Every structure is written in C-alpha cells, then in structure tokens.
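**Q** Sequence:
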Amino acid sequence: MAWTVTRTKTVLGNHAVVFLKLTADYATATVETGLKRIVHMDWSKASMTTIVGPNVAVNSNASGIASMGVLGFSGFTNGDLIYATVYGVR
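At position 56 of the sequence shown (counting the first as 1) the number is 56 in the numbering used here, and the numbers step up by one without a gap.
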C-alpha cells in the first residue's frame, strides 16, 4: 500500500514532533516517520469511508513485526484522509 504523506517537523521539549497528513491509496501499509523511536502518537480522521476496523500500530509495521520509528496501518480504504501527530526520538 502506498500513502501520500505530507510531513512537518518540529521539537517539543526533549522530543521531536512530526505532523503527518496521510491519504490512503490502498488498505494496508507502513509510513516511515523519520524518527528512531516513537514515544506517543495521536491520530484523527479528516475524511474516511471506513467506519469500523482501521488500526494504527506504533513502532510496528502493519503485520505486527517490530520496526522502530514506523507507523503500521491496516483496515483503511482508498481515499481515507487522516492526520497524525507523532512524538519521538530522532
């Protein structure tokens, strides 16, 4: 799966912060955040046709395999638009 990603970076205290605007092209994939390790993340839907079942995994790919600094997505459909704020270590 591919995601169209718009990325903005900043710093808050001792954590790097990455703001992501993500548009799904297919149903499952991973997104590299540019961080070495994700400490916390929040996401919200902007426009989604998916009602139940979307999942976001932190420091893991969509298959559940550990992968530091990566967000894993599953259950999204083509055209879903979400925003994510990711806190971590560079």
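The set of hints was computed from the structure by calculation and includes no laboratory data. Bear in mind the structure is a predicted one, so any value in this text is a computation, not a measurement. From the three backbone atoms N, C-alpha and C, an ideal C-beta is built for every residue, glycine too. Treat the hints with care, since some could be wrong.
[Unchecked claim] Subject to a maximum C-alpha distance of 27 Å in a straight line, what follows is the list of computed DSS-like cross-link-like pairs (lysine-lysine): (1) K45 / K9; (2) K21 / K9; (3) K21 / K36; (4) K21 / K45; (5) K9 / K36.
[What the hints assert, rightly or not] Listed next, with one range per pair, are the computed distances between beta-carbon atoms: (6) R37 / S63: 12 to 22 Å; (7) G13 / V52: 20 to 30 Å; (8) S63 / W43: 18 to 28 Å; (9) G79 / G13: 32 to 42 Å; (10) N14 / G53: 12 to 22 Å.
**Q** Would you mind marking each hint as holding or not holding in the structure?
**A** Hint check results:
Distance restraint check for K45 and K9: the Cα-Cα separation of roughly 20 Å lies within the 27 Å cut-off, and the hinted pair is therefore satisfied. At roughly 12 Å between alpha-carbon atoms, K21 and K9 fall within 27 Å of each other, so this suggested pair holds. In summary, the hint linking K21 to K36 is supported, as the alpha carbons are separated by about 20 Å, within the 27 Å threshold. Proposed proximity of K21 and K45 is supported: the alpha carbons are some 10 Å apart, at most 27 Å.
Note on K9 and K36: the hinted pairing holds, with a Cα-Cα distance of about 14 Å set against a maximum of 27 Å. R37 and S63 have their C-beta atoms about 19 Å apart, which keeps the hinted 12 to 22 Å range intact. Evaluation of the 20 to 30 Å hint for G13 and V52 yields a failure: the beta carbon distance comes to about 36 Å. At about 19 Å, the CB distance of S63 to W43 agrees with the hint of 18 to 28 Å.
With their beta carbons about 35 Å apart, G79 and G13 fall inside the hinted range of 32 to 42 Å. Distance hint check for N14 and G53: the Cβ-Cβ separation is about 35 Å, which falls outside the suggested range of 12 to 22 Å.
In this structure, the hints that do not hold are numbers 7, 10, in rising order.
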